[in-house]
Every structure is written in structure tokens, then in C-alpha cells.
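**Student:** Chain by chain, the residues run as shown.
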Amino acid sequence: MWRRYGDVLYAVLLSVVLTAEAAVLAALTWMFLPGLAGLFPQFDLRTMLLAAVAMTAMALVVVAGFVLAYHSFSARRERLHMEALDVWADRWVRVVIEHRPRPEPPIPGAAVEALLDLREVLRGEEGERVDELIRLYGVAKALVSQAAGARRKGLGRLLPRPRRRSFRGTAERLDSLEALAKARLPEAFPAMLELLADSQITVRLMALRGLARTIARMPTQTDKHRSAEALCDRLRVADLPGGAIEECFLLLEDTAPMVLRNLLERPGLSSLGVEEWAADTRGIRRRGKAPGFRTRGPGSLLRAALDATGRLKLLELGERAGEFVTYQDPEVRAAAIRALGRLGYLPQAAEPGLVAALQDDVEFVRVQAAHTAVLLPPETATAALWELLGDQSWWVRRGAGESLARITGIGVQELGRAAHSHPDRYARQMAVQILLDGGHLDAAGARRLREAG
Amino acid sequence: MTHSLKEDPTFADNKGGREPVLSPDEEPPVSRILVIEDDLAVGKVLTVTLQLAGHEVRLARDLYSARDVLQQHDDFDAVVLDVNLPDGSGFDILRLLRQDLGRETPVLVLSALKQEENVIRALELGANDYVTKPFGPRELLARIRKWTG
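Chains as they are written, first to last, in the numbering used here: chain A, 1486 to 1938; chain B, 67 to 215.
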């Protein structure tokens, strides 16, 4: 059951009920043990059995009653909150669009939530007016203080009411960071940057999301450039999984090329090994809150940057992405090859690296290389993919077959030849399957080829 | 569900307020506009903006009620449509309007989905315009005016 509040009460209630139930059952078990029943002369077996049954029934009634009451209470509370949000959304919209007078501070939590929701949907002059209101009511200052984990007094009124009483510690900080990400206020940027060194991974992740969304809405190119630089300087301390970092790169919107170029062109980033990276990062984090931690190394950051480059189709970073095709970390090699495949561009300098990757020891690197091999000159690609059709991995064979089918002219011809005469039985089968899937072969023809072996 | 403008006593004394961005003076002919939007804030912004511009607004918060409204009423001058609705895709509404009901009502898609394929899909299904969130209310109004005359 997902509970937004009442955790402590629920835990206490369950503990009491289960302890009482366990005590009665334990006594009953004891009495049933041969020769030991006499230790409880004051209770007979019948009384204990009845007590156990009554206790079980009572436990069920108490727990079921709590759950039902909780749901009823939650639904009512949620409804009231939604009504308050509705009223405040209406009020703020009229302040922003109709220029009606703004409410006097302090404002309740629902008002802050409605104001931040409005910031998410408005841009232009109306968006700026929402920004002014957010500043006017001191929302950013309160949220920054709370996100940093400060014990505060009176700030609770700026948070959404249902969360105020129940979410403590981390949850409260995460809520504040989420609100800051919605607010996208440049003045909150330095504080969020500091939180990249927080000891909790969830706080670091939310801080990074907030930073990405804030940079995306920075007012000038200079601000964006400076912020992107600062983010890249500190990004390594976040030490987050590649997928999480990649998501943040995508949140950067049109600032993404600036940040990705900055990261990929940093000599320190690409040349550091995992150990050097760890030592270096520990040095940075010692100034933060968590001196000791295990690092993922530069791999996850590079992988995320390369994947984002491919997804965002940033052709201008193709040359740089090509340099990572021979990188020491196989995850990074695979990401670089995948990025080139998505860009549809293979820099000349990366050609030998891609050819070598077709014979890589790591399976997932060969899979990516097989898919991207279509970017090689047709003769080179055909010869390499012919070989790869006989790879021990099904995924590599499939990738090689699909790539061959995409090489205009000679690709399908080569697949036909492989279906008849490739020395490897699995390569012949894969070639038949690809031809069948692509409509180059009918079912009867495929059956004949398969039967021929 | 139709939203009406209510007078709020807290707004009684207008201290320091500038002139509204959208003045009721610049009244175009009244149009009936169906807004299909589940987000509370977006729904409010659209309702207030369009009403201030003199339009009559009807708001549907999900696919089910939007279908219901469209099947019962054929007198809307324009539809503002969100793509991500709680019970389905706004593209289903486009299909319903253009293919099943055969109506040419102008449809402006308002969505957070910025990818090119979504824009293309909406236009192919018969949308007249595509605006991404966050949006400027005045720009949106200008686009609606273009289609409602």
C-alpha cells in the first residue's frame, strides 16, 4: 500500500497487533508440547485456544479497520487538496493574465504548488510574471534551504499541505528539489550544484534534473554557457548511472549541445582511468558531504554523453564521438558506435576503430558494430559482415544480417550468396531468415534452403 | 463541464495592477471552443484566456467526456486538444472528428511532446496547428483566431 502519511501509526499498530498475536500463538504452542502443559496451571487448553482465535479476529478487525479508515481519510484529504489547487490555479491565472491584485503573503502550500505548476506551462511575458511572483513570495529561498536539508521553522507553510506533515528528511528534500526543477530559477542554480556532492544518490539525481531544467531556461546565452561550464565541472561528483545522466542531458533541451561538447572535449575526462577518476573525484567530494564512496568511473558519464549525442542527432559532435570508438571501457566503445549509427555519420578517422570493433572480444560491442557497419564503404562492410554472419552470438549474426540487407545493391545479393554457401550453418540460417523477413524470399524458398542445410 | 467566471472578493481592490494583457474591448465574434485538457493549470490558463477574448469555452478533462461532448454537439468552432490524456491519446479524438464524424472543425493540438514525429502524426491525422508547452497565451489566442476567423 502506497502511503503518503500515517507511516508511523501504521507501523506501531502492526507491531502491537502482530506481537499480541505471536504471544498468544507462542503460549498455545508451548501448551501443546508434551509434558510442558503443566507449566501453565492457571489456563486450560480450551481457554488458550479461544484466546488465540479471539486475538486473531481482533487483529484482523483492527488492521482492516485501519486500512479502510486510512483510504477514506486519504481520499478526502486528496480531494480537499485538489480543490485548493483548483482555487489557487484560478486565482494565479487571473493575477498573471488579467493582472488582478496578488494575494498578501504568507501564502499556503497549495498556492505554492499551483504557482509552480503554472510556471511549467507558461512562457513569454506571462511566464516572466510567474517568475516574479515566485521571487516575491520567497519560494526559491525556502525551497533551496529545505533541499539542502536545513532544519527550519516556518518554511513548512510553503510546501504542499499533504506532504508537510508526513514527508520528512529525504522525502522532504526531494519534494523541494522537484519544486525547484519546476521553478527553474537561476538563483537556485548554485545551491543545487552543491547538492551534486550529497551523500544520497536520490538527492544527487533530483538535483541534476533540477540543474538541467534550470539551465534550459537561463535568460541569456552567457548565463547558459557559464552554467553549462559549472555543471560540467561538478558533474563527476554526482557519480550517477549512465541512464540517469542521459535523461538529464535530454532535459537540457537546446543547451544540450553546449554541455555535451564541453564534456566530450575535456581532455581530463577521456584520459582518466577509473582509479585516477576515483581519487580525483574523492578530492572534490571531500569538500562535500560524503568523503568516501565507490565510483563508477568516467565510463557512465561518457556513455551518457555519447548516447545523448546520438539521440539528439548532434552531427557536429560526430568527429569527437568517433574518437571514443577505441576507448578502453567497452560500454563507452559501444555507446560511441551506437551514437555514430544514430547520427548516420562515420568520421574517416573512426573507420579503422569500427572495423576493429567488429572483432571485439565483448559481445555487445560487436552487436553495435554490426549495426553501424553499414556506414563503412560497401566493399569493406560486405566482407566484414559476411564474416560476422558466422559469429557465435545470435545478436551479432542478426545485426550483421540486418546491416547487409541495408546495403543497397550488393547487400541482398550477398545475403543470397550467404544463404546458399556460407560455410557456417547458423550464418546460412540467419541469412535465410533475414531474406524472408525482408520479403526477398518466399516461405517455400526459405523452406527449401533450410532443408538443403 | 463548463467553467464560468466567478467574482472573487479577494480581488476587489485592484492595487497596482497593470492593464490586462487581453482586453475584453478587442472583441472578436464569439466562438464556441472545446478545450480537451487534463492538466489543471493548462485548463485554467486556456479557459481564462479564451473567455477574456470573448469565446465560450467548454472544458473536457478526459477522452471519455470529450468523445461524449463531440458526439452530442456539432457546433464547436474550434477544438484545443492535448495529446496525453489520462484515459488515452488525443490522436483518437482527431480520428473521431475527421474519420468517424467527418467534421472539419479546426483542431489546434497543444502538447508537451516536441518530437517531430508527433507533430507530423498530428498534422497527418488532420490537426490544423500544433503548439508545444510551455506556451504563450497570446500566441495561442492568435492561432485560434486564425482558424475561427
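Hints are not guaranteed to be accurate.
[Unchecked claim] Below, a list of computed lysine-lysine pairs in the DSS-like style, where the Cα atoms sit at most 27 Å apart:
#1 A/Lys1626 / A/Lys1709
#2 B/Lys212 / B/Lys199
#3 B/Lys212 / B/Lys180
#4 B/Lys212 / A/Lys1798
#5 B/Lys180 / B/Lys199
#6 B/Lys212 / A/Lys1667
#7 B/Lys199 / A/Lys1709
#8 A/Lys1709 / A/Lys1798
#9 B/Lys180 / A/Lys1667
#10 A/Lys1667 / A/Lys1626
#11 A/Lys1709 / B/Lys180
#12 A/Lys1709 / A/Lys1667
#13 A/Lys1626 / B/Lys180
FYI, nobody ran anything at the bench for these hints, they're computed from the structure.
**Student:** Hint by hint, note whether the structure agrees.
**Tutor:** Going through the hints against the structure:
1. A/Lys1626 / A/Lys1709: Holds, at roughly 21 Å.
2. B/Lys212 / B/Lys199: holds, 19 Å
3. B/Lys212 / B/Lys180: holds, 22 Å
4. B/Lys212 / A/Lys1798: violated, 34 Å
5. B/Lys180 / B/Lys199: With Cα atoms ~8 Å apart, B/Lys180 and B/Lys199 stay inside 27 Å; holds.
6. B/Lys212 / A/Lys1667: violated, 32 Å
7. B/Lys199 / A/Lys1709: holds, 21 Å
8. A/Lys1709 / A/Lys1798: Holds, at roughly 21 Å.
9. B/Lys180 / A/Lys1667: This hinted pair holds, its Cα atoms lying about 18 Å apart.
10. A/Lys1667 / A/Lys1626: holds, 14 Å
11. A/Lys1709 / B/Lys180: holds, 21 Å
12. A/Lys1709 / A/Lys1667: holds, 17 Å
13. A/Lys1626 / B/Lys180: violated, 32 Å
The structure shown violates the earlier hints numbered 4, 6, 13.
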